[in-house]
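From first to last, the protein sequence lines are chains A and B. The numbers in the numbering used here rise by one with no breaks, and the one at position 43 of the first sequence is 43. Positions in the second sequence are counted from 1; adding 1000 to them yields the numbering used here.
One or more of the hints may lead you astray.
Computed list of chain B residues with no C-beta within reach of chain A, every gap over 12 angstroms [to be verified]:
hint, residue
1, Asn1065
2, Val1132
3, Ala1138
4, Lys1165
5, Glu1166
6, Phe1209
With a cut-off of at most 20 angstroms between alpha-carbon atoms, the simulated DMTMM-like pairs for lysine to aspartate or glutamate come out as follows [said to hold, decoys possible]:
hint, chain 1, residue 1, chain 2, residue 2
7, B, Lys1029, A, Asp68
8, B, Lys1055, A, Asp37
9, A, Lys56, A, Asp68
10, A, Lys67, B, Asp1024
11, B, Lys1089, A, Glu30
12, A, Lys67, B, Glu1032
13, B, Lys1054, A, Asp68
14, B, Lys1023, A, Glu30
15, B, Lys1054, B, Glu1067
16, B, Lys1055, A, Glu30
Hints were generated in silico from the structure; no laboratory data involved. The beta carbon of each residue, even a glycine, is placed where N, CA and C say it ideally should be.
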Amino acid sequence: MRREIPLLITSIAGLVFAISYFIPHWPFGESESIFGDWITIVQSFAIWLGALNLLKVSFEKIYRKRKDSLYAGVIIFCLVATLIIGFYDGFSGLMQEPEVSFRAPGTHFDWVFVYIYTPLSSTMFAMLAFFVASASYRAFRARNFEATLLLIAAFFVMGGRVPLFDLPLLKLGISDVPYFSLFADWIMSYPLTGGMTAIMIGIALGIMSSSLRIILGIERSHVGGA
Amino acid sequence: MSELIGVWLAALLTLGIFSFLYKDNPIYKICESIFVGVSAGYWAIVFFFDNIIKKFWYGVFPTDNSEPNYLLWFGAFLGFLMLLRLSSKIGWIARWPLAFIVGATAGLYMMIYFVSNAMLQISSTMRNVVAVNPETSAIVWGETIGSVIIAVGVLSGLVYFFFSKEHKGVFGQTAKVGIWFLMITFGAHFGYTVMSRMSLLIGRVDFLFTDWLHLLK
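Please work from the sequences and hints to get the whole structure.
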């Protein structure tokens, strides 16, 4: 019961979407549309599940007086404060005529997004520049031919994206043509396209076979089976 | 005034995150916790108003003269079942909506990837290898060589991904060429990713020096 019903639901949902591609008429076409709406709604609840679980885990940390309970308190405060601001802006915007979006410039929620969320997220990703640089310094060794190809491609693409490498050629009057940038563009246009297309076709075949395994009930890990 | 407070707050949070470059410290951990809390709250609100209110609530109780869509109640019911995951006793019921999401995504992706990634990529690779200038009817050697490189890259890359036959002889040599193409692809992607991260870093430093300290105009 605990595994059979989820497997049946998986198969029906998967088959409806797969068949509706070939038969976009009643009942499959309509079912696809309805299922699409349901997915959107369930996804929203899943996001809320994540937020509530974060609250639960953080409260547990404080209750058990773990050493990082201070940070759990910060998480709870920020999460609840963002929710209160969002609900306030959202519902007050819905009551106005015409409706005002909770994300409209000038709202409190937009202030949170611009001055807290955006700086934090972009700085987090910007920090990766340092880690990637240090990782590549350790990992990039031209040990064999394949590794050398990887190194050369990365070197030219990085150099070609900024004017720094072309500058000596242009400034010293050696050439009027930005060869570095052109070679980087050539790598992106031809060898990269060839390799990427092969990878994308491989991914597509892999996803198709995995999807088929899920729909046919061979792959059962999502319902707690092996 | 709120902009001034916002810029100062953003600058302090930016510096707080960058403090991790020295070593892991309490200021970084507080900024990290703020990020976790704010982003969880932000997306919960976005999904609540965009989907639960606008899709479900307005669908069931339309404000205009359109027909109510009562089938959306079942989506909300599945969503409610998802929240039961928080309970240790009846948390297993959350497998039902999860099974629905997994099955629907599998069915949807199977067809999307079949069309866009497999068929479309194959058809775009099967283009005319010899590029000709339509005005002069002369062969454009640069594009022709590029097309040959793409075709060789795709075929050899696919041969490398074919593991049902042992990579020996001509097959093995072709797979080796495929590895070369894949290495160039990974290298180029790596370089591209590094540069995108660099542009983000430049953006943050620019914010600190321009908007916060006003040292740059």
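Against the structure, the hints come out as follows:
1. Asn1065: holds, 17 angstroms
2. Val1132: About 18 angstroms separates Val1132 (chain B) from the closest Cβ of chain A, which puts it past 12 angstroms; holds.
3. Ala1138: holds, 20 angstroms
4. Lys1165: holds, 15 angstroms
5. Glu1166: Given that every Cβ of chain A is farther than 12 angstroms from that of Glu1166 (chain B), nearest at about 18 angstroms, it holds.
6. Phe1209: Nearest chain A Cβ is 14 angstroms from Phe1209 (chain B), so the label holds.
7. B:Lys1029 - A:Asp68: holds, 9 angstroms
8. B:Lys1055 - A:Asp37: holds, 8 angstroms
9. A:Lys56 - A:Asp68: Measuring from Cα to Cα gives roughly 15 angstroms; hence the hint holds.
10. A:Lys67 - B:Asp1024: holds, 15 angstroms
11. B:Lys1089 - A:Glu30: Roughly 36 angstroms separates the two Cα atoms, so the pair is violated.
12. A:Lys67 - B:Glu1032: holds, 16 angstroms
13. B:Lys1054 - A:Asp68: violated, 38 angstroms
14. B:Lys1023 - A:Glu30: violated, 56 angstroms
15. B:Lys1054 - B:Glu1067: holds, 15 angstroms
16. B:Lys1055 - A:Glu30: holds, 17 angstroms
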